[in-house]
Amino acid sequence: MTTDVSIVLTDAEQGSSLWHDAWIRLSKNKMAVGGGAILLTFIVVALLTPWIAPYSYEAQNLDLGASPPSAAHWLGTDIFGRDVLTQIMYGGRVSLAVGFIATGVALIIGVTWGAVAGYVGGRVDAIMMRLVDILYALPFMIFIVLLMVVFGRNVLLLFLAIGAVEWLTMARIMRSQVQSLRQQEFVEAAVSLGLSPITIIRRHVVPNALGPIIVYTTLTIPSVMLLEAFLSFLGLGIQPPQTSWGLLISYGAETMEEYPWLLIFPGLALTITLFSLNFLGDGLRDALDVRGSKD
Amino acid sequence: MLRFMLIRILQAIPVIFVVITATFFLVRSAPGGPFDQEKVVIPEVKKALEAQYKLDLPLHEQYFAYLGDLAQGDLGPSFKYPGRSVNEILFSGLPVTAELGFYALLIALCIGVTAGVFASLRPNTAQDYIPMSLAMIGICMPSFLLGPLLVLVFGIYLDWLPITGWGDIPGDKILPSITLGSAYAAYIARLSRAGMLEILSQDYIRTARAKGLPEWQVVTRHALRGGLIPVIAFLGPAFAGLLAGSFVVETIFQIPGLGRFYVQAAFNRDYTMILGTTVFLSTLIVFFNLVSDITAAWLNPRLRAQFKGGS
Numbered sequence: 364m365t366t367d368v369s370i371v372l373t374d375a376e377q378g379s380s381l382w383h384d385a386w387i388r389l390s391k392n393k394m395a396v397g398g399g400a401i402l403l404t405f406i407v408v409a410l411l412t413p414w415i416a417p418y419s420y421e422a423q424n425l426d427l428g429a430s431p432p433s434a435a436h437w438l439g440t441d442i443f444g445r446d447v448l449t450q451i452m453y454g455g456r457v458s459l460a461v462g463f464i465a466t467g468v469a470l471i472i473g474v475t476w477g478a479v480a481g482y483v484g485g486r487v488d489a490i491m492m493r494l495v496d497i498l499y500a501l502p503f504m505i506f507i508v509l510l511m512v513v514f515g516r517n518v519l520l521l522f523l524a525i526g527a528v529e530w531l532t533m534a535r536i537m538r539s540q541v542q543s544l545r546q547q548e549f550v551e552a553a554v555s556l557g558l559s560p561i562t563i564i565r566r567h568v569v570p571n572a573l574g575p576i577i578v579y580t581t582l583t584i585p586s587v588m589l590l591e592a593f594l595s596f597l598g599l600g601i602q603p604p605q606t607s608w609g610l611l612i613s614y615g616a617e618t619m620e621e622y623p624w625l626l627i628f629p630g631l632a633l634t635i636t637l638f639s640l641n642f643l644g645d646g647l648r649d650a651l652d653v654r655g656s657k658d
Numbered sequence: 108m109l110r111f112m113l114i115r116i117l118q119a120i121p122v123i124f125v126v127i128t129a130t131f132f133l134v135r136s137a138p139g140g141p142f143d144q145e146k147v148v149i150p151e152v153k154k155a156l157e158a159q160y161k162l163d164l165p166l167h168e169q170y171f172a173y174l175g176d177l178a179q180g181d182l183g184p185s186f187k188y189p190g191r192s193v194n195e196i197l198f199s200g201l202p203v204t205a206e207l208g209f210y211a212l213l214i215a216l217c218i219g220v221t222a223g224v225f226a227s228l229r230p231n232t233a234q235d236y237i238p239m240s241l242a243m244i245g246i247c248m249p250s251f252l253l254g255p256l257l258v259l260v261f262g263i264y265l266d267w268l269p270i271t272g273w274g275d276i277p278g279d280k281i282l283p284s285i286t287l288g289s290a291y292a293a294y295i296a297r298l299s300r301a302g303m304l305e306i307l308s309q310d311y312i313r314t315a316r317a318k319g320l321p322e323w324q325v326v327t328r329h330a331l332r333g334g335l336i337p338v339i340a341f342l343g344p345a346f347a348g349l350l351a352g353s354f355v356v357e358t359i360f361q362i363p364g365l366g367r368f369y370v371q372a373a374f375n376r377d378y379t380m381i382l383g384t385t386v387f388l389s390t391l392i393v394f395f396n397l398v399s400d401i402t403a404a405w406l407n408p409r410l411r412a413q414f415k416g417g418s
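Residue numbers (my numbering), protein chains in the order written: chain D, 364 to 658; chain B, 108 to 418.
So here's chain D without its partners, still in its complex pose (with noise of 0.2 Å):
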């Protein structure tokens, strides 16, 4: 009886090494897991900001102003007096939060679009793939841009827009696997089993499909993160009282010339979270072995 559990142990043990592998070949890369570090305390950051920022959000000090970096504020003060540090920690929750909320609207969009096209093919497929390259050719930032201004600039909307728009690819590589999957013998044998078409792709062709998606989630985040400061730059995005890196920035370049800090170090923020994504996104695609996910 005791080998027998041993020997289940082992085959569950076989059965995850993929993973296994893949998280050796990641860890062994130094740019993805200095990325993925990086981005982990960036995270855990915005999420104690309102506990761990050194001044509170409001805190205004107009006989100080302008302030180069110094002791009491590392990273200097705006023309308010409001502690740079605080504002790109508290820019940082909105810009991180637009990045992963927005992202995950389109992963949940596309693989659920694509897998249903993939599964159940035929004369359904074609239509939703097409609707799908019907959209692929629409020019969406300018679509975006024309919604804030219908719509007014609110957080939610912009969610959504940018996660509209981004679900098309997410759709095509989930529909690519499915198709590939919907082929092997273990799906066929959970349909000659009888399970529903919505348990098979849930149990079965889903969590197959991990590897692309992952690695595209990766790269859509910095893409996403990107899209929302290009807008709020503009003054179409995140709208005060609140703040985001883009917004910062804006702000930023109008004084570069007298508070340069005010624009480098919100800069500085975004860059750096971008580069660690992009970093941890190919790492991922080297570990997990995916080709041909990059479009």
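Think of the hints as simulated: they come from the structure by calculation, not from any bench. Model, not experiment: these values are computed from the prediction. Using N, Cα and C, we set each Cβ at its ideal position, and we do this for glycine too. Mixed in with the good hints, there may be bad ones.
If you only want the chain D side, here are some residues facing chain B, beta carbon under 10 Å, derived [said to hold, decoys possible]:
#, residue
1, Met511
2, Pro585
3, Leu597
4, Leu640
Where chain D lies over chain B, by a calculated footprint (3+ residues, C-beta under 8 Å) [claimed, not checked]:
#, segment
5, 252-258
6, 350-363
Once you have looked at the hints, place chain B on chain D.
For chain B alone, kept in the frame of chain D given last:
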């Protein structure tokens, strides 16, 4: 090939139609009419204005009237600048943006292809790592950060180059073009490196080497054509990105181009201007996607065969 082109052109038509329809109804559903201002407009004047802009008609009639005008290439009058048509404003900005985009793309292609091909010839050496690290920086450094930084360094601290305008002072086109082009140089460098690496490992390259061609001829005469297909295919999406990038770059450098007009129209809620610009830019983007797709297919015999085969 002809069939492939025909299919792609037929696919582009519904896209443009969807753009026009969606934009029209989005803009019309925006809260607040264009003449609901703080100052009270006399009802008769408002009525006359609405009649002039056909706002008194039912929505579907407005839509068909708009389609009719569009078919004749008329984008209608501007709400914000009475007496000027959207066409006039667009065509005053178009040459500027086209020139800016052209320079940016030229910079992106020259630097990107050179760096990418250079890196691909000695993979995993310093000759590969240095340009590819620079490319990564280019991708992670958005134009709205790079632009102000370039202005700060080259315009203010070093005082080498002018920081605003377009064509007013010699040299004022340099910084905007670099700002807009750098991210695309980075993408193109990565794409051409990947494309070249794949081609350089093919049998026909080995054949070319075996028959004793010098390496530079192998690269220029045999590898480049196939290796740069991904770059050509990227030019369509890049064009869309360049237009969107021109929103930012023209705002930073105060250039009177299409992008700046669009952003201003967005702030002014100049609905006909937004509608007209969206339709115009979208059509341009769809058109360039089409051209880049067809060119890529024409260069790639495998893709051509795929379309002859079916679907």
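These are the hints, each one checked on the structure:
Proximity of Met511 (chain D) to chain B holds as hinted, the smallest CB-CB distance being about 8 Å (cut-off 10 Å). A least Cβ separation of about 7 Å between Pro585 (chain D) and chain B falls short of the 10 Å threshold, and the interface hint therefore holds. Interface hint status for Leu597 (chain D): upheld, as the beta-carbon distance to the closest one in chain B is roughly 6 Å, under 10 Å. Given hint, Leu640 (chain D) at the interface with chain B, holds; its Cβ is 9 Å from that chain's nearest Cβ, closer than 10 Å.
For the segment 252-258 of chain B, the assignment as covered by chain D holds, since 5 residues bring a beta-carbon within under 8 Å of that chain's beta-carbons and 3 suffice. Remark: the segment 350-363 of chain B is confirmed as covered by chain D, as 6 of its residues place a Cβ nearer than 8 Å to a Cβ of that chain, reaching the required three.
Taken one by one, the earlier hints all hold for this structure without exception.
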